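Trainee: Given chain A, work out where chain B should sit, using these hints.
These protein sequences, in sequence, are chains A and B.
Heads up: the first sequence at position 108 corresponds to 114 in my numbering, and the numbers run straight through without jumps.
Heads up: the second sequence at position 43 corresponds to 483 in my numbering, and the numbers run straight through without jumps.
If you're looking for bench data, these hints aren't it; they were derived computationally from the structure.
In this text the structure is predicted, and so the values were computed from the model without any measurement.
Any given hint could turn out to be false.
[Said to hold, decoys possible] Just a few of them, taken from the derived set where beta-carbon distance is under 8 Å, the chain B residues facing chain A:
#	residue
1	P447
2	A449
3	H478
4	I487
5	L489
6	D531
7	S537
8	G544
9	Q548
Yeah, the Cβ is synthetic: ideal placement off N, Cα and C, and Gly gets one too.
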Amino acid sequence: NAGVMQNPRHLVRRRGQEARLRCSPMKGHSHVYWYRQLPEEGLKFMVYLQKENIIDESGMPKERFSAEFPKEGPSILRIQQVVRGDSAAYFCASSLAGGPYEQYFGPGTRLTVT
Amino acid sequence: QQPVQSPQAVILREGEDAVINCSSSKALYSVHWYRQKHGEAPVFLMILLKGGEQKGHEKISASFNEKKQQSSLYLTASQLSYSGTYFCGTDPTGTASKLTFGTGTRLQVTL
Chain A
7 NAGVMQNPRH LVRRRGQEAR LRCSPMKGHS HVYWYRQLPE EGLKFMVYLQ
57 KENIIDESGM PKERFSAEFP KEGPSILRIQ QVVRGDSAAY FCASSLAGGP
107 YEQYFGPGTR LTVT
Chain B
441 QQPVQSPQAV ILREGEDAVI NCSSSKALYS VHWYRQKHGE APVFLMILLK
491 GGEQKGHEKI SASFNEKKQQ SSLYLTASQL SYSGTYFCGT DPTGTASKLT
541 FGTGTRLQVT L
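This is chain A alone, in the form it adopts within the complex:
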């Protein structure tokens, strides 16, 4: 029973390039969450999506960042024109339903902007 999958695990981008991070939720899960974690810090909520819907994007920067969870395929977090401050670990989590259900985390994508 595969868990949450994320790829790539490591991504290096130069300033100004685009980064695309992918997340496949656990089988049967239709709720996806993206979090960002800076070194030695806690997880910061970015966005909550269900299939084809953004439910809550209050933690997402207004510019350069976007997320989608299409009917088919993985959820994508897209960062345009990356800057050094975007360097972080980006974790995706999924849950069976909305509400107080456990969120299962993927292994994360470590983005480094040079």
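Mentor: Chain B only, in chain A's frame:
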């Protein structure tokens, strides 16, 4: 606001007990506890819902006092595998659509 965790760090010898606290300035519907080892994904430990319940998982248990807006995680007879950073995630609405995580408590268990 971010919940406050205490202590920030603790070092235990194998077999000792520890308590990690999580306090929020907001009324809470649920509290979620996770453990993260360095360079790895957070691993779910347990959820506590309002109602003051206490939950247990092997030698790890937790309580939730909704009046005080606090939760505590109890680690009994700690093992080396308990080492890691513990995070509480708080949910004021019951939707858990947006967990707000604390800054973490770093736990190191030594021989």
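Trainee: Quick one, is the B/P447 hint okay against chain A at 8 Å, beta carbons?
Mentor: violated (15 Å)
Trainee: Taking 8 Å as the limit, does the beta-carbon of B/I487 come near enough to a beta-carbon in chain A?
Mentor: holds (6 Å)
Trainee: How about B/G544: closest beta carbon in chain A under 8 Å, or not?
Mentor: This interface hint holds because 5 Å falls under the 8 Å limit.
Trainee: Using Cβ atoms only, decide whether B/S537 comes closer than 8 Å to chain A, and label the hint accordingly.
Mentor: holds (5 Å)
Trainee: Quick one, is the B/Q548 hint okay against chain A at 8 Å, beta carbons?
Mentor: violated (15 Å)
Trainee: Would the hint on B/H478 be counted as holding, given a Cβ-Cβ threshold of 8 Å to chain A?
Mentor: violated (10 Å)
Trainee: Closer than 8 Å between Cβ atoms is the bar; does B/D531 clear it against chain A? Give me holds or violated.
Mentor: B/D531 check passes; min Cβ-Cβ to chain A is 6 Å, inside 8 Å.
Trainee: Closer than 8 Å between Cβ atoms is the bar; does B/A449 clear it against chain A? Give me holds or violated.
Mentor: Since chain A brings no Cβ nearer than about 11 Å to B/A449, farther than 8 Å, the hint is violated.
Trainee: Would the stated hint for B/L489 survive a check requiring a Cβ distance to chain A of less than 8 Å?
Mentor: holds (6 Å)
Comparing the model with each earlier hint shows violations of hints 1, 2, 3 and 9; every other hint is respected.
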